[in-house]
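Work the whole structure out from these sequences, hints included.
Protein chains in written order, with our numbering: chain Z, 1 to 247; chain W, 1 to 213.
Just so you know, these hints were derived from the structure itself, not from any lab. Treat the hints with care, as some may be off.
As the list claims (entries may be wrong) - Only part of the chain W face toward chain Z is listed, based on derived beta-carbon distances under 8 angstroms: (1) Ile7; (2) Glu9; (3) Ser30; (4) Gln32; (5) Phe72; (6) Ala74; (7) Tyr75; (8) Gly77.
Note that the structure is a prediction, hence the values are computed from the model and not measured. Quick reminder that beta carbons are idealized off the backbone N, C-alpha and C, glycines included.
In case you want the letters, here they are:
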Amino acid sequence: MSTVYNPGNLPSNDNLNRFSFVIDVKDQMFIRKGKMIAFYGGLSFEAMGTSIVDMLVRHAFNAPKYIHDFVVVQGGGQLILGDNGNDLACYDLDAANMTVRAKNLLAFTKDVICQESTLPGFLTMIGTGKVIASSNGPVHFLELPCRVDEQAVLGWADCPSPSYRYDYEHVKGFVSAVGAVTGFTLSGEEKQVDFTGSGTVLVQSSELGLAGSGVLANIISQLSSLAPTELSMLGTSVQEVMKQQRR
Amino acid sequence: MPAYQQINEKMVEVTLNNEEIFAKKGAMISYQGDVAFSRSFLAGQGIQSMAMRAVTNEGYALMAARGTGKVFYAYDGLFVTIIPVRNETLYVESDVLLAFDARLTAGTMFLGNQGGVQGIVRGAVSGQGLFTTTFQGNGEVAILSDGNAIGLPVTPEVPVCVDPQAYIGHTGNISSSIVTDLNWKTFVGQASGESYQMKFSGSGTVYIQASER
Numbered sequence: 001m002s003t004v005y006n007p008g009n010l011p012s013n014d015n016l017n018r019f020s021f022v023i024d025v026k027d028q029m030f031i032r033k034g035k036m037i038a039f040y041g042g043l044s045f046e047a048m049g050t051s052i053v054d055m056l057v058r059h060a061f062n063a064p065k066y067i068h069d070f071v072v073v074q075g076g077g078q079l080i081l082g083d084n085g086n087d088l089a090c091y092d093l094d095a096a097n098m099t100v101r102a103k104n105l106l107a108f109t110k111d112v113i114c115q116e117s118t119l120p121g122f123l124t125m126i127g128t129g130k131v132i133a134s135s136n137g138p139v140h141f142l143e144l145p146c147r148v149d150e151q152a153v154l155g156w157a158d159c160p161s162p163s164y165r166y167d168y169e170h171v172k173g174f175v176s177a178v179g180a181v182t183g184f185t186l187s188g189e190e191k192q193v194d195f196t197g198s199g200t201v202l203v204q205s206s207e208l209g210l211a212g213s214g215v216l217a218n219i220i221s222q223l224s225s226l227a228p229t230e231l232s233m234l235g236t237s238v239q240e241v242m243k244q245q246r247r
Numbered sequence: 001m002p003a004y005q006q007i008n009e010k011m012v013e014v015t016l017n018n019e020e021i022f023a024k025k026g027a028m029i030s031y032q033g034d035v036a037f038s039r040s041f042l043a044g045q046g047i048q049s050m051a052m053r054a055v056t057n058e059g060y061a062l063m064a065a066r067g068t069g070k071v072f073y074a075y076d077g078l079f080v081t082i083i084p085v086r087n088e089t090l091y092v093e094s095d096v097l098l099a100f101d102a103r104l105t106a107g108t109m110f111l112g113n114q115g116g117v118q119g120i121v122r123g124a125v126s127g128q129g130l131f132t133t134t135f136q137g138n139g140e141v142a143i144l145s146d147g148n149a150i151g152l153p154v155t156p157e158v159p160v161c162v163d164p165q166a167y168i169g170h171t172g173n174i175s176s177s178i179v180t181d182l183n184w185k186t187f188v189g190q191a192s193g194e195s196y197q198m199k200f201s202g203s204g205t206v207y208i209q210a211s212e213r
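In structure tokens, the structure reads:
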């Protein structure tokens, strides 16, 4: 059952198993920091912002908030990626666009342009090339129209940017209305991401267990636009959330 | 009747045709069609059942999905198993419950009713408390487990012993008892760490997970 791999029998641009993926690196690629688990050949890893790769970065990597999450791998060899036992999958883009949760984006080839999506925490990949992303459990593809819990959205392709949909239909009776205010009758499913039009939505089981600095970077980048009173309100709600999580 | 279909090991799809399904709060991950969600207290059962759940701490937070379409459920990246219930009783812990519908009658059972003092000891040992949730009738229940849920068949000739912390539920006509392996080693800290087991005898299926709570 357990094959011993060498450069000759490693799969090429394919899954080694559910949880790891082998990329044939020819020139340059972007990969997420810390997701390289092994490589054969002469590969070097350069942080972005250093002079050698700056030209490439300026063209392909257009998401400054996430610049510290990714590195450029250069050279020729076979690179094996893994992400904490999450399932990996490769998506081939052909003059297309696909948006993925930034935390789950593991690697993409240099001809794909990476930009921030208008939905915070997501990155949009545009162009032709390969995109490798992880997911908790195998990815399930859904046809539109559908509504998805925010945590379970892995990404979407070929469809208009989604919007939020609030399902407050049940808050009609008096008892329900009182309950909703106190949080007592809420189902926990009031807010979904609504996808309309045509395209495909990628759904995963849960977003648990993936670390990334994207969400934090997003919040910090917007702090400068807050007034002092708003900042103190933010501080209060941060403490509220911390209290709840400790429970 | 709502149709359950396993999408992958961590996701289940339920097709509703102007019907209602009850699921763990926060477990809905997506839906297609015309489905509305609401907090459910009665969960298709009577007031008595609700009161019973409230006082016994088997008070699972449920939400109801009602309408026509498809609903997808998953929770925390845990594995999902659909357990068929065929004119029998399924015993599960309320915290592993993912989804069920009104075809089944849900109840709460005092472990003492099931195995006397032994049953109470079982609840205390496994950290599951003194009560468990029961489902009776003909239908399906989707449950959560850490790793695949493993169904172990039990026959009168072949009883099975399981670790109380790995136990998630059972069906059929089964009685459980606690097997202890307490001896002088336990008290000087040299025990094997497997001092308590639950022994199931009768005929039916015991479900376990490959993880100890």
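Right, here's what the structure says about each hint:
1. Look at W/Ile7: its Cβ gets to within about 5 angstroms of chain Z, closer than 8 angstroms, so that hint holds up.
2. For the restraint placing W/Glu9 at the interface with chain Z, the shortest Cβ-Cβ distance is roughly 7 angstroms, inside the 8 angstroms limit, so the hint holds.
3. With a least beta-carbon distance of about 4 angstroms to chain Z, the hint placing W/Ser30 at the interface is held under the 8 angstroms criterion.
4. Interface hint status for W/Gln32: upheld, as the beta-carbon distance to the closest one in chain Z is roughly 4 angstroms, under 8 angstroms.
5. Interface restraint check: W/Phe72 against chain Z, minimum CB-CB distance 7 angstroms, threshold 8 angstroms, status holds.
6. Annotation: interface hint on W/Ala74 holds; nearest CB of chain Z at approximately 4 angstroms, less than 8 angstroms.
7. For W/Tyr75, the interface hint holds, since its Cβ comes within 8 angstroms of a Cβ in chain Z; the closest pair sits about 7 angstroms apart.
8. Of the supplied interface hints, the one on W/Gly77 holds, with its beta-carbon coming within about 4 angstroms of a beta-carbon of chain Z, less than 8 angstroms.
The structure fails none of the hints (numbered hints given earlier).
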